[in-house]
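Chains as they are written, first to last, in this note's numbering: chain A, 1 to 375; chain B, 1 to 272; chain C, 1 to 297.
No lab work stands behind these hints, which were simulated from the structure alone. Do not rely on the hints blindly, as some may be mistaken.
[Said to hold, decoys possible] Derived coverage of chain A by chain B (criterion: at least 3 residues anywhere in the stretch with Cβ under 8 angstroms from a Cβ of chain B; other residues may be distant):
1. 113-120
2. 146-157
3. 200-213
By construction, the Cβ of each residue, glycine as well, lies at the ideal position given by its N, Cα and C atoms.
Residue strings, one per chain:
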Amino acid sequence: MFMTIFEPWNETNSKPFIEFRGVSKRFGALTAIDNVSFSIYEREFFALLGPSGCGKTTLMRMLGGLEKPSKGQIFIDGQDINTIPANKRSVNMMFQSYALFPHLTVADNIAFGLKRSDMPKSEIPDRVNEMLKLVQLDNLDARKPHQISGGQRQRVALARSLAKAPKLLLLDEPLGALDKKLRQETQFELVDIQEKLGTTFVIVTHDQEEAMTVASRIAIMDQGKLIQIDTPDLIYEAPSSVRVADFIGDVNLIEGNAQKMANGKMQIEWAESQPALIADSSAQIPNDGKITFAIRPEKIAMTKHKPDDADNAVEGHIQDIAYLGNVSIFKVRLTSGQLMNAQASNTRRLSRRNFTWEDKVWLSWTETAGIVLTK
Amino acid sequence: MKRFTWFNTISLTLGFAFLYIPMLILIIYSFNASKLVTVWAGFSTQWYSRLFNNEAFIDAAWVTLKVGFISSCAATILGTMIAYIMVRGGRFYGRSLFSSMIYAPLVMPEVITGLSLLLLFISIGLDRGVFTIILAHTTFSMCYVSVVVSSRLASFDVSIEEAAIDLGCTAFDAFRSVTLPIIAPAVISGWLLAFTLSLDDLVIASFVSGPASTTLPIKIYSSVRLGLSPEINALSTLMIAVVTFGVLTSSIISKRAIKRQKREEEQAFKNG
Amino acid sequence: MNFRKYLFILIPYSWLVALFLVPFIIVVKMSLSDGVMAIPPYTPYLTLTEGWAGITNFFTNLDFENFIFLTEDNLYWIAYLSSLKIAAISTVITLLVGYPIAYGMANASNEWRPTLIMLVILPFWTSFLIRIYSWMGILSQEGFLNQFLLWLGIIDQPLTLLNTNIAVYIGIVYTYLPFMILPIYASLEKLDLSLLEAAKDLGCNRTQSFWLVTVPLSKAGIIAGCFLVFIPVIGEFVIPSLLGGADTLMIGTILWQEFFANRDWPVASAVAVILLLILMVPIILFQRSEQKQREAE
Numbered sequence: 001m002f003m004t005i006f007e008p009w010n011e012t013n014s015k016p017f018i019e020f021r022g023v024s025k026r027f028g029a030l031t032a033i034d035n036v037s038f039s040i041y042e043r044e045f046f047a048l049l050g051p052s053g054c055g056k057t058t059l060m061r062m063l064g065g066l067e068k069p070s071k072g073q074i075f076i077d078g079q080d081i082n083t084i085p086a087n088k089r090s091v092n093m094m095f096q097s098y099a100l101f102p103h104l105t106v107a108d109n110i111a112f113g114l115k116r117s118d119m120p121k122s123e124i125p126d127r128v129n130e131m132l133k134l135v136q137l138d139n140l141d142a143r144k145p146h147q148i149s150g151g152q153r154q155r156v157a158l159a160r161s162l163a164k165a166p167k168l169l170l171l172d173e174p175l176g177a178l179d180k181k182l183r184q185e186t187q188f189e190l191v192d193i194q195e196k197l198g199t200t201f202v203i204v205t206h207d208q209e210e211a212m213t214v215a216s217r218i219a220i221m222d223q224g225k226l227i228q229i230d231t232p233d234l235i236y237e238a239p240s241s242v243r244v245a246d247f248i249g250d251v252n253l254i255e256g257n258a259q260k261m262a263n264g265k266m267q268i269e270w271a272e273s274q275p276a277l278i279a280d281s282s283a284q285i286p287n288d289g290k291i292t293f294a295i296r297p298e299k300i301a302m303t304k305h306k307p308d309d310a311d312n313a314v315e316g317h318i319q320d321i322a323y324l325g326n327v328s329i330f331k332v333r334l335t336s337g338q339l340m341n342a343q344a345s346n347t348r349r350l351s352r353r354n355f356t357w358e359d360k361v362w363l364s365w366t367e368t369a370g371i372v373l374t375k
Numbered sequence: 001m002k003r004f005t006w007f008n009t010i011s012l013t014l015g016f017a018f019l020y021i022p023m024l025i026l027i028i029y030s031f032n033a034s035k036l037v038t039v040w041a042g043f044s045t046q047w048y049s050r051l052f053n054n055e056a057f058i059d060a061a062w063v064t065l066k067v068g069f070i071s072s073c074a075a076t077i078l079g080t081m082i083a084y085i086m087v088r089g090g091r092f093y094g095r096s097l098f099s100s101m102i103y104a105p106l107v108m109p110e111v112i113t114g115l116s117l118l119l120l121f122i123s124i125g126l127d128r129g130v131f132t133i134i135l136a137h138t139t140f141s142m143c144y145v146s147v148v149v150s151s152r153l154a155s156f157d158v159s160i161e162e163a164a165i166d167l168g169c170t171a172f173d174a175f176r177s178v179t180l181p182i183i184a185p186a187v188i189s190g191w192l193l194a195f196t197l198s199l200d201d202l203v204i205a206s207f208v209s210g211p212a213s214t215t216l217p218i219k220i221y222s223s224v225r226l227g228l229s230p231e232i233n234a235l236s237t238l239m240i241a242v243v244t245f246g247v248l249t250s251s252i253i254s255k256r257a258i259k260r261q262k263r264e265e266e267q268a269f270k271n272g
Numbered sequence: 001m002n003f004r005k006y007l008f009i010l011i012p013y014s015w016l017v018a019l020f021l022v023p024f025i026i027v028v029k030m031s032l033s034d035g036v037m038a039i040p041p042y043t044p045y046l047t048l049t050e051g052w053a054g055i056t057n058f059f060t061n062l063d064f065e066n067f068i069f070l071t072e073d074n075l076y077w078i079a080y081l082s083s084l085k086i087a088a089i090s091t092v093i094t095l096l097v098g099y100p101i102a103y104g105m106a107n108a109s110n111e112w113r114p115t116l117i118m119l120v121i122l123p124f125w126t127s128f129l130i131r132i133y134s135w136m137g138i139l140s141q142e143g144f145l146n147q148f149l150l151w152l153g154i155i156d157q158p159l160t161l162l163n164t165n166i167a168v169y170i171g172i173v174y175t176y177l178p179f180m181i182l183p184i185y186a187s188l189e190k191l192d193l194s195l196l197e198a199a200k201d202l203g204c205n206r207t208q209s210f211w212l213v214t215v216p217l218s219k220a221g222i223i224a225g226c227f228l229v230f231i232p233v234i235g236e237f238v239i240p241s242l243l244g245g246a247d248t249l250m251i252g253t254i255l256w257q258e259f260f261a262n263r264d265w266p267v268a269s270a271v272a273v274i275l276l277l278i279l280m281v282p283i284i285l286f287q288r289s290e291q292k293q294r295e296a297e
C-alpha cells in the first residue's frame, strides 16, 4: 500500500499557513525574540522547544494576539495578524495554568467562547456535548473547576479552546502540571485529537520527550533565536549545532581537528598519542580545522577486549555506573583523561552484569555513528 | 513549642481581656437603672427607649446611614476602577502622581484631610451638608477599597482574563463576565470597609458638615464631651451588636464556603 | 481602544485631583495668607475680576508670616515634640503588649487561629469613638479601675487617671493594638518551624532560639506594625481630646482649636503643612522598608 507522507515543508508548491517574517520583540532593554523567520503548514503539530526564558512563549503569545511584534510581520492564512484584533481571529489558546473560569461550570466554560460567536444559541448545547465527548468528560458538565481533578481540568481547557473550531490551536505547556504517567498518556491523546480534527497545533514545551512524541516538526529556540527546525528524528540524529546536540538527549562531545582523507571520510585528531577517530561525514571543515565530534551514548559499544573490526576504539576504565532499570549508563574515564558516557541495555539480571567499577573496558563505534559539528 | 503553651495561654487571655473587657463593661452598664454610669442600680432598658425617642439621635443616625450607603457605593465603584488601573493598566502618563494620590489619603491625618476639603468647599462656594460629607467620605474610602481590591486582582491569574479575550470577549466584556465575578468577594469587603469607615468618621465629618447635617459620631462626640451618659452606652451596645452580628455571620459563611471547597477538591483528587 | 482606556483612567484621576490634590494646594496657599476678622477670615483673596493686577497682588501678599509665628510661639514646638514623644512611647508599649499576643496566636492550634484572628479584627470594625468612650467609664475618678483597686486595697484614694497622659497612652494602645498584632502575626505565621528545630539541634535553648531566630525573622512584621501605629498617632485627635487633659499637648488637637475655636485658618493651615512635613520622614522610611521587603521576597 502506498502511503502519502505528510511533509508539506519539503514540497515546493505548498503554501505556508503561518509565516513569521523577520519578527523581533523587545521588552524594554530585553530582546525576547530576535529576528525570527519561519513557516508552519496546515495540519502540522508544531512544537516550540527550548529552555525557560528562550522566548518560545512570547512567540506563541504573538500568534495568539496577546503580544504585538516590535518589528516584522506575522501572517496567518496570508493575512497580517496585526490587522485583526485578538478576539476576532480563528486562533485559540490553551493556557499553561488552564485559566478555567472558576465561577463557571465545566459546560459553561466550554460554551463561553461559543456564546460570543456567530453560533445560534440553540446549537450551543450540542456543540458543548460534542466537545465533552471528544475529551471523554461526558458526565462532568455540571461540575465547577475546583470539583474536578488536575487531569480533568486539562481536558476541559482543551475542550474549551477547541470548541470554536479554530484553524489554529496554541498550547502553552499544556501537560506541564500533570504527573509523568498521566502526561505520557495524554500526549498520545493529544496527537489522536489533532489527527481527528485536522487543526493546526502549535505547542510550547520545555520537555523534549513531549516535543518528540507529539510533534511533526520541532523548532528549537535559545535566547530569542531559532537554532534548528526539523522533524524529531533529524533533530536527534542530525543536530545542526553543538547547542542542539547538547540540548536534546545525552551526548558525548569531543573537540578535535579534522582533516579530509583520500576516501572522502574524515580523520579527527582529538588527543595526543591516541589514534585518530574516523567519521563518515559530509560536513564542511572550517579553515582552522576545529570541529566538535558528537556521539550519543547508546551508539557506543562496550567490551572487555579491543574489538578487532571496529572503526573507532578507545580504552578506559569504568568510573561510575548509573543503574536506571531498563538501561545503565557507564561513565568511562578514557586513558586520554576525557570522560565518556556509554549506555547499555540491561538484558540480563543485575547479579549477572558483565562490568563493574574500575573495570578496564574498550569503547567502540562505527564511522557513521557520530556527527561532526562545526557550529 | 507545645510545652510553651502556658505562656501562650496567659498572653492570649490577658490580651483579649484587655481588648474586650472595656466593651463588656460598656454593654453591661447600658442596662443599668441608674443615671450614674459607674454605679449599678438594677436592670433596666429605659436608656434604650429614651434613645429611640431622642429625635436628634434618630436624625443623626439617618444622616449617617445615608452618607455611609451612598459614599461606600461610590467609593466601591471608583476604588475598583483604581485597582484595575493600577494592577492591569500598564504604563500611562502621570501614573506615579496617581499612585501617590491613592496612598496619601491612607496616611494623611484626618484633621488635615478635613481641613483641606473644607477649604476647598468654601473656596468653590459649595454649601456644607450631606453632599459635602458624601464627597469627603468617598474620597478617602475609595483609596481603602482600591487597596483591598488590588491585592485580590494582583493575586489572580492574568491568563484567566487573557483566556476570555482569546475566546472572543472585548476588554469590557472580559471584565464584566470573568474578572468581576472572581473579585466579587474583595469588592464586597471593600464596600463593607468603606461603609464602616464612613459610619466611624468623626473628624472629617466635623469639618465638612453643615448645621443641618449632624452625623452620629458628631452627635456622640458632643454629648460624650459633656461626660458619661447611659444613653450613649445603649447606643454603643446597639452598634457593637450590629457589627458583631455582621462580622460573625460573614466569617461563618466564608468559613463554610472554604470548608466546602476544600472537601470538594479532596473528593475531585480522589476521583481523579 | 487607547482613547477608552484613558477615559476610564480619567474618571478616578480627576476625582483625586479635584478632591485631594487641589484641597492640599489650597491648604499650602492658605498657610501663606494672613488672618483677618472677616468672612472668609483670611487675606489675600484671589479675585479674577481685577485682572492681572489682582493675580500679582495676590502673590505679593503671600508670605511666611504664619510659619514665623509658629517658630516664635513655644506652644507649637512643644506640641509637635510632645506628639512625637507620645507616638513613640505608645508605639513601644503597643509592641510590648502586641508581640506576646501575636506570638500566642501564631502558636495556637489550627482550629483556634481563624477565631483568634477574627477576635483581633472585630474591634477594628467597631466604632473608634465608642472604644475610646468605653475607657472614659473605666478611668474616671469613680470609674471601674479605681473601684477595683480600692476593693483590692492597693490604693486608699482614687487615682486621677482620666484627662491625663496615662489615659491617652492607654487609649492609644487599646485602639491601635490590632494594627500591631496583625502584621507581627502574619510574619510569625510564615516562620518555618523547622528553623526552630534546627536552632535546637544546633544547641540553642528556647530563650536563645526565640531571640536568635524568631525575633529576627519577625522583624518585618515588627517594623510594619510600629509604623502603622506611629504614623497615625502623631496626628491623632479623638483620643487626646476625650481622654487627655490640659497638659496633653498633641498637634491634632491644636490644629482643631486653631480652626474651630480661634478661627485662625491661616495658622491652622501652617500647622497642617508642618505636620505633613514631619510625617514625611516616617512615611518615606516605611515605604522604603516595605520596598526592601518586597524585593527580598
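Proximity test - 8 angstroms, beta-carbon atoms, the stretch 113-120 of chain A to chain B, at least three hits
holds (count 3)
Between the stretch 146-157 of chain A and chain B, see if three or more residues pass the 8 angstroms beta-carbon test, and mark the coverage as holds or violated.
holds (count 7)
Outcome, coverage hint (the stretch 200-213 of chain A, chain B; C-beta under 8 angstroms; three residues):
violated (count 0)
Checked against the numbered hints listed earlier, the structure breaks hint 3 alone; every other hint is satisfied.
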